[in-house]
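J.: Chain by chain, the residues:
Number of protein chains: 2
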Amino acid sequence: MPETPRRADRPSAPRYGNRPTMKDVAARAGVGLKTVSRVVNGEPGVTPETERRVQEAIEALGFRRNDSARVLRKGRTASIGLVLEDLADPFYGPLSRAVEEVARAHGALLINGSSAEDPDREQELALALCARRVDGLVIIPAGDDHRYLEPEIKAGVATVFVDRPAGGIDADCVLSDNFGGARQGVAHLVAHGHRRIGFIGDMPRIHTASERLRGYRTAMEDAGIAVEDAWMSLGATDPARVRRAAEEMLSGPSPVTAVFTGNNRVTVTVIRVLAEQSRPVALVAFDDLELADLLQPGVTVVAQDAAALGRTAADRLFRQLDGALLLPERIELPTRLIARGSGELPPAD
Amino acid sequence: MPETPRRADRPSAPRYGNRPTMKDVAARAGVGLKTVSRVVNGEPGVTPETERRVQEAIEALGFRRNDSARVLRKGRTASIGLVLEDLADPFYGPLSRAVEEVARAHGALLINGSSAEDPDREQELALALCARRVDGLVIIPAGDDHRYLEPEIKAGVATVFVDRPAGGIDADCVLSDNFGGARQGVAHLVAHGHRRIGFIGDMPRIHTASERLRGYRTAMEDAGIAVEDAWMSLGATDPARVRRAAEEMLSGPSPVTAVFTGNNRVTVTVIRVLAEQSRPVALVAFDDLELADLLQPGVTVVAQDAAALGRTAADRLFRQLDGALLLPERIELPTRLIARGSGELPPAD
DNA sequence: CCCGCATCTGACAACGTTGTCCAGGCTCTA
DNA sequence: TAGAGCCTGGACAACGTTGTCAGATGCGGG
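Protein sequence lines correspond, in order, to chains B and E. Going left to right, the first sequence walks through residues 1 to 349 as full-length UniProt numbering numbers them. Going left to right, the second sequence walks through residues 1 to 349 as full-length UniProt numbering numbers them.
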């Protein structure tokens with residue numbers, strides 16, 4: 001007997017902790033497998049009586065369709081990935097939520113991951129999402145080389161970059177007008193009589209940071225002011241470094257009378273430092289803050305609309321997925337200067 | 001000729017926009033399918049030379065393993081779901097990030113969704129996540145009946161509730177000491193001489209809201225103070241309602257001299273209202289706020305540790321997944337009173 | 001009474017991966 | 001030099017679903 005038939009041995013795979021499958025439902029309802037599939041997916045061609053029996057069996061067994069298998073068969077996962085810097089940052093919460101809402105409107109779920117501003121981690125995350133076959137990716141880049149995504153994009157993964165542009169590849173991106181916003185903010189200080197204006201921002205390798213610095217420089221140039229090196233500080237946004245930077249430019253040989261801060265994390269530290277100064281120092285900040293209007297004085301900000309960034313990017317993503325063959329585009333959203341007091345303080349020498 | 005063999009017709013399935021599969025890699029490398037699998041998964045039993053050839057083919061084709069298929073075969077998705085109320089709320093950002101970090105440490109990805117405080121949407125989301133066969137669920141409940149999860153939990157989906165307990169089922173939950181925190185906060189106001197103290201909170205059907213109200217009532221009772229109905233207001237947290245509530249209790253026949261606010265959204269509105277009052281009104285708030293220390297006066301808060309909530313819950317989740325047979329437990333995390341000025345103002349009648 | 005048609009149902013293969021098992025080649029020893 | 005044992009590689013089935021297609025059933029008309 002060389003070939004005993006044997007059947008139910010070989011307990012190779014896991015069966016998901018014994019979840020019922022369509023086969024089980026079919027057996028219980030006394031119908032074929034495909035009929036169950038039809039009922040579950042609301043396809044036509046099933047008599048009401050049969051449908052009832054199937055529904056009953058589904059109910060009784062607590063069946064829930066396995067989307068993994070479905071995905072494997074259909075090729076679309078109805079999920080998109082979002083790679084951002086840090087979900088805990090108040091700037092990214094609303095952005096993420098906006099992306100989620102658009103995804104939801106298209107019946108998709110959102111998988112997100114934080115890169116912690118680490119390019120390697122960004123890549124690891126993005127590729128892990130691709131391995132899960134997300135339909136699309138929204139990426140807030142940490143690194144500046146995204147050629148690793150080329151095969152993925154070629155394979156059909158819709159991709160949109162937000163907040164910062166992609167590096168090394170041609171892709172959609174949705175940005176705030178960082179340059180223009182910073183320029184306007186600094187010009188606002190100039191208009192209120194300041195000439196010695198400091199700039200404290202994030203690491204220069206970050207696109208938004210360098211753009212805002214460029215806006216600062218341009219505004220100063222526009223005003224015919226020669227910028228001193230000591231007035232500019234770019235680097236990590238941890239409180240210790242920012243504090244040191246602020247204190248230095250406030251106490252140097254030609255101390256600044258106003259400060260422009262390059263993002264919300266820098267701002268909160270600078271506000272603390274300014275509160276300790278004996279003389280009033282003007283402040284305009286990039287990014288709005290909750291409660292900014294209730295401080296004394298209120299904080300004048302250049303606000304960007306995080307939710308709009310997310311919404312625009314996600315819209316664009318789904319337009320790609322709907323098959324519209326679009327050329328990569330760079331969409332820039334305007335910023336808004338909100339005067340609340342701190343930016344209108346006159347210079348105090 | 002009844003059975004023409006035919007092969008490459010029947011273009012039924014999608015092939016993921018023509019992504020290479022292991023089969024393609026195998027063909028190109030001139031090896032068997034399983035050998036590619038071994039290389040991709042770092043399994044032993046492949047000569048360095050063969051491995052090199054396979055790696056080369058992978059590189060050349062831009063192959064990336066399809067995790068959907070892998071999941072189908074292995075039964076674990078290495079992903080967990082997080083259902084929360086609103087990612088854009090500064091309380092949930094850090095919580096979500098903490099869950100993500102724990103997941104990452106276990107090699108899992110995080111899928112999250114916002115329920116917008118809608119029980120139906122919570123259920124829809126949670127079940128969609130189950131259909132994707134997430135290994136576990138972390139849920140911040142919007143509803144108070146979670147029996148719909150029973151079949152899922154029985155089928156092996158690890159589940160932990162956070163911030164609010166589950167309803168109708170016995171499951172792990174991780175909570176802040178809402179009662180104790182509120183009680184301590186109100187007692188703090190009493191200790192500074194207040195007797196007419198108001199409470200403004202969220203809708204009473206939300207567990208945290210009712211617990212905090214209970215803390216308020218108990219603290220008042222402890223102090224032997226009879227609470228008037230006009231001093232308590234529970235309802236939606238939109239600014240309009242909160243403003244009205246605050247203004248009413250500040251102007252009634254026995255106006256309050258201090259207010260205890262039940263969550264961060266309420267707090268920001270109340271701060272605005274109090275800033276408009278001619279007399280100083282004391283304030284203690286549940287939940288910490290960025291910049292709370294920089295307001296005049298600084299806002300005294302009962303702080304809960306959102307990140308710790310998330311971390312604890314996720315840890316517990318993965319302990320369940322590691323197979324430890326645990327009895328459902330209720331873990332309560334302490335709150336911390338941070339005095340900054342607003343809670344230490346004396347009563348001004 | 002039988003045929004054709006429409007309607008409903010089910011068998012089967014395929015999606016891309018991994019677990020099992022066996023075949024073949026090699027080395028090492030007696 | 002033959003045999004035992006190890007190592008490498010590959011054929012095959014299975015995971016749970018859906019697309020294709022053909023079979024079954026019932027009905028009306030010729």
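Take these hints with a grain of salt, some might be off.
[Unchecked claim] Not everything, but these chain E residues come out facing chain B in the computed CB check (under 7 angstroms):
| hint | residue |
| --- | --- |
| 1 | Asp67 |
| 2 | Cys130 |
| 3 | Gln184 |
| 4 | Ser278 |
| 5 | Leu345 |
| 6 | Pro347 |
Simulated from the structure, these hints should not be mistaken for lab results. All C-beta atoms, glycine included, are put in the ideal place defined by N, C-alpha and C.
J.: Could you work out which of the previously given hints the structure breaks and list their numbers from low to high?
T.: Numbers 3, 4, 5 and 6, in rising order.
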